[in-house]
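Protein sequences appear in the order of chains A and B. Under the numbering used here, read the first sequence as residues 1 to 117, first letter to last. Under the numbering used here, read the second sequence as residues 1001 to 1113, first letter to last.
What the hints contain is simulated information worked out from the structure, not anything from laboratory work. C-beta: ideal position from N, C-alpha, C; glycine also. Please note that a few of the clues may not be correct.
Covered stretches of chain A, as calculated for chain B (at least 3 residues, CB under 8 angstroms) [said to hold, decoys possible]:
no. : segment
1   : 43 to 54
2   : 72 to 84
3   : 88 to 97
4   : 109 to 117
In silico EDC-like pairs for lysine to aspartate or glutamate, Cα to Cα no more than 20 angstroms straight-line [unchecked claim]:
no. : chain 1 : residue 1 : chain 2 : residue 2
5   : A       : Lys57     : B       : Glu1095
6   : A       : Lys14     : A       : Glu56
7   : B       : Lys1058   : A       : Glu105
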Amino acid sequence: DTGVSQDPRHKITKRGQNVTFRCDPISEHNRLYWYRQTLGQGPEFLTYFQNEAQLEKSRLLSDRFSAERPKGSFSTLEIQRTEQGDSAMYLCASSLLGTSGDIYEQYFGPGTRLTVT
Amino acid sequence: AQSVTQLGSHVSVSEGALVLLRCNYSSSVPPYLFWYVQYPNQGLQLLLKYTSAATLVKGINGFEAEFKKSETSFHLTKPSAHMSDAAEYFCAVSETSYGKLTFGQGTILTVHP
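The shape of chain A in the complex, shown without the other chains (with noise of 0.2 angstroms):
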């Protein structure tokens, strides 16, 4: 178990730029959850999978952000035509939903710093 790892840990884009991050989550955790965090706030929820299927859309999630699961490892985030509002820490997180009814933990990865200049 080496973690959620998420890359790259910072990211300075300018405005109008395109980017994408990168989340992998621990293996074999089937839901992988974004979260973003902006300064002096809680994380708010953009996104999670279920496998490789996107099960729900946060309604901050505009149609300028994307998000992939592809085979139901790792994701990834992409944001076009990067606004200076988008600054803010990008979460990844990773849970195991298996058939018990516990409640299961959500591991959170160390977040992208996304800088818009």
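Go by the hints and put chain B onto chain A.
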């Protein structure tokens, strides 16, 4: 819709003093409740979770929280603060045991020698 309110964005205590971080929630269904801690430049780490089996929940590092349905609260406490407890703490609620989390705005805990 669910929501979480953390009372006090900053809490300062002396080393050895009681830590009390307040969390109130709103949920239309019986909630699942969590406390996470975030150290600088690190991801969120789960401190404890409410499973409905017991109203007093014990977590890691000596923290515990009590679920009070009548008060819609889930306050986090630790009898004696340690310098290493300095971090930001987040309360979160979920409608299911495995679903998306709704977080409060966080409370930064400072521990003075």
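Against the structure, the hints:
By the rule of at least three residues with a Cβ nearer than 8 angstroms to a Cβ of chain B, the coverage given for the segment 43 to 54 of chain A holds, with 4 such residues. Only when three residues or more bring their CB closer than 8 angstroms to a CB of chain B does the claim for the segment 72 to 84 of chain A stand; here the count is 0, and the claim is violated. Counting residues of the segment 88 to 97 of chain A whose beta carbon lies closer than 8 angstroms to any beta carbon of chain B gives 4, which reaches the threshold of three, so the coverage claim holds. With a cut-off of 8 angstroms between beta carbons, the segment 109 to 117 of chain A has 3 residues touching chain B; three or more are needed, and the interface restraint holds.
With a C-alpha separation of about 16 angstroms, the suggested pairing of Lys57(A) with Glu1095(B) holds against the 20 angstroms cut-off. As the CA atoms of Lys14(A) and Glu56(A) are separated by approximately 29 angstroms, the hinted pair breaks the 20 angstroms bound. Pair hint Lys1058(B) plus Glu105(A) holds up; C-alpha atoms about 15 angstroms apart against a cutoff of 20 angstroms.
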